[in-house]
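Here's the letter readout for the chains.
There are 2 protein chains.
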Amino acid sequence: MSTEFPHIPTPDAQAHREAVARHLTLTKPAGSLGRLEELGVWVAACQGQCPPRPFARPRVVVFAGDHGVAAHGVSAFPAEVTGQMVANFLTGGAAINVMAAVAGATVRVLDLGVDTDAEFPEQVTAHKVRRSSGSVDRVDALTDDEVYAAIAAGRAIADEEVDGGADLLVAGDMGIANTTPASIIIAALSGSEPVAVVGRGTGIDDQAWMRKAVAIRDGLRRARRVSANPVALLRTVGGADIAAMAAFLAQAAVRKTPVILDGLVSGAAALVAEELAPGASEWWVAGHRSVEPAHALVLEQLNLTPILDLDLRLGEGTGAIAALPLVTMAARTLAEMSTFTDAGVTEG
Amino acid sequence: MSTEFPHIPTPDAQAHREAVARHLTLTKPAGSLGRLEELGVWVAACQGQCPPRPFARPRVVVFAGDHGVAAHGVSAFPAEVTGQMVANFLTGGAAINVMAAVAGATVRVLDLGVDTDAEFPEQVTAHKVRRSSGSVDRVDALTDDEVYAAIAAGRAIADEEVDGGADLLVAGDMGIANTTPASIIIAALSGSEPVAVVGRGTGIDDQAWMRKAVAIRDGLRRARRVSANPVALLRTVGGADIAAMAAFLAQAAVRKTPVILDGLVSGAAALVAEELAPGASEWWVAGHRSVEPAHALVLEQLNLTPILDLDLRLGEGTGAIAALPLVTMAARTLAEMSTFTDAGVTEG
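Residue numbers (the working numbering), protein chains in the order written: chain A, 1 to 348; chain B, 1001 to 1348.
Chain A extracted, bound-state conformation (with noise of 0.2 angstroms):
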């Protein structure tokens, strides 16, 4: 099985140049959107052309997956919480429904590793590789046929949506225990030692923080030999959810499809899918700052400003659909302001 991606193509240089310069002709001081302006010249870039589409199809991708690690107290919450989220997920409950609808997004949950004897429907959990994973602590969270098999996971999934309409994709988290493979990988891929990435996740409480500190210098000791190599440390720290999520992202990009990101988890993948598929953060903003600090290791190392700091920690895609709204204003504003000209309003 295959983990090669194709060359990522840049984002289309000449749309990128209209796109700016149709910014000067809009009926506004130049620059006075700030960001948003950025954001619909990038949005122009991705689709191509100029002025862009409103997004037609933009949707949410949660990726669930259970990691043994939980088993050694490192998350608020247990791991049957998971397959209990992702039947939340399904019912419309959870954070991401209730952020999407007012986004005008739709989201769709897979269950890739949910350690659970629930029956989802066949749709979830048609690209599921096992359950749970190996505790990445102190074993190998997948065998290489399982990283091999959550690559193609993770690649099918893009296809599927963008040959489903998709025109904007976010990838979302959910997975008891995931912040500790997620902050064992951006220490490993950032250089970063364990206590610059230990964060309180769900939300523990100082002696779980200390279990997680432990689990993620051990794990993280058993990654460093592997960093190089995108697949081994997939199997050594990862996670098939993580794993899919990493190919998702790269396979975004090999798709010329603009991703926002979210998070700690989807930064964790983001990594890997850079090194998997380098080029592809070209096609990708960060919504977010997560409160987690080795978010930060993950901004910096991909060079990414996030849009928004709310003081978000949640994942499952909530802090880049959060953002949703704000990458629409900038690609509508660039397509549906009038121009200087049309509006007769004296230029500056």
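Treat the hints loosely; a few may be bogus.
Covered stretches of chain A, going by a simulated chain B footprint (3 or more residues, C-beta under 8 angstroms) [said to hold, decoys possible]:
(1) 29–41
(2) 331–339
Part of the chain A face toward chain B, derived, beta carbon under 8 angstroms [to be verified]:
(3) Asn88
(4) Gly93
(5) Arg108
(6) Thr202
(7) Gly203
(8) Val345
(9) Gly348
No lab work stands behind these hints, which were simulated from the structure alone.
Quantities reported herein were computed from a predicted structural model and do not represent experimental measurements.
Glycine included, C-beta positions come from ideal geometry on N, C-alpha and C.
Got chain A sorted already, so can you dock chain B onto it with the hints?
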């Protein structure tokens, strides 16, 4: 004509408490929606009910007016642009029109003091006070009677909106050179030096910046003598648009209707409104942090933390409406997310 506002009630403490408690029952780690949780609690308190209602009619009112000081070269645009932009709002081509459509809000534009021969529809000019204003660096902006008329207009506009079903309000501005009187008002009410408040407005060059700095210095000298009296301050260095906006913001609080503040000009009006109606600021949140340096003084003075920081400096209400989807998400997550009990999710 009275410029007294009734006592401003505080948002409902009981609904506030219920909202804080409800957040703990929703299917997410406690506090994980960060600022969105605080905003949801604020909406519930303003509405006096938990769960809060979704906004039925969010509304932007753009207060347009010219400023005599524009004749002294303090803006990058000629004064005729104010009237031209009013026409642009009416045909839907301005940034605020496009952004409000994304956010689910409607826009009303009012000519309070535009210096134009253009014939606007009657509903646009219904509250017009005068054409332009005195150049605030040397003469009074308005007469006392004009201040009274503008305050009555702002109050009536807020009443019309709330009576018409508006349940969230934004005050936008349009007026070439309006950052000059706004900056003077902010300096006067925050006890700041001129150099601390002089910004680039629509994007002025260094020559215009120096002219603007002189105008602000001279205007501030005049303003300081009357800064303890909001009516005298509006007369001396305000304008019909800013005076009406101040009354609108105060009356919104009287009518217990939440407001998202925009940037510099709405900030200046907000400082005056808080003088006219102490406590009104509890009914406001700051949509964003403007590029304009004086806006930071407004946020500090009113003790408001901006939701966004996107280098916006357009006005029209754009920085407020950019934040509206987040306030909507805040209200709707609080109202619509499943509880742990309902969703059968184990609590942490």
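Going down the list of hints, with the structure as the test:
Check on the stretch 29–41 of chain A: 8 of its residues sit with their Cβ under 8 angstroms from a Cβ of chain B, so the three-residue criterion for coverage holds. Coverage of the stretch 331–339 of chain A by chain B holds in this model, with 5 residues showing a Cβ closer than 8 angstroms to a Cβ of that chain against a need of three. The interface hint given for Asn88(A) is met, as the beta carbon of that residue sits about 4 angstroms from the closest beta carbon of chain B, less than 8 angstroms. Given the 8 angstroms rule on beta carbons, the hint for Gly93(A) holds: about 3 angstroms separates it from the nearest Cβ of chain B.
This hint is violated: Arg108(A) has a C-beta 18 angstroms from the nearest C-beta of chain B, more than the 8 angstroms allowed. Hint status for Thr202(A) relative to chain B: holds, with the closest Cβ pair at about 4 angstroms, below 8 angstroms. Taken as an interface hint, Gly203(A) checks out: its beta carbon lies about 5 angstroms from the nearest beta carbon of chain B, inside 8 angstroms. For Val345(A), the suggested interface contact is upheld, since its CB lies about 4 angstroms from the closest CB of chain B, less than 8 angstroms.
A distance limit of 8 angstroms between C-beta atoms decides the matter here; for Gly348(A) the minimum to chain B is near 4 angstroms, and the interface restraint holds.
Hint check: a violation occurs at hint 5 only; the rest are consistent with the structure.
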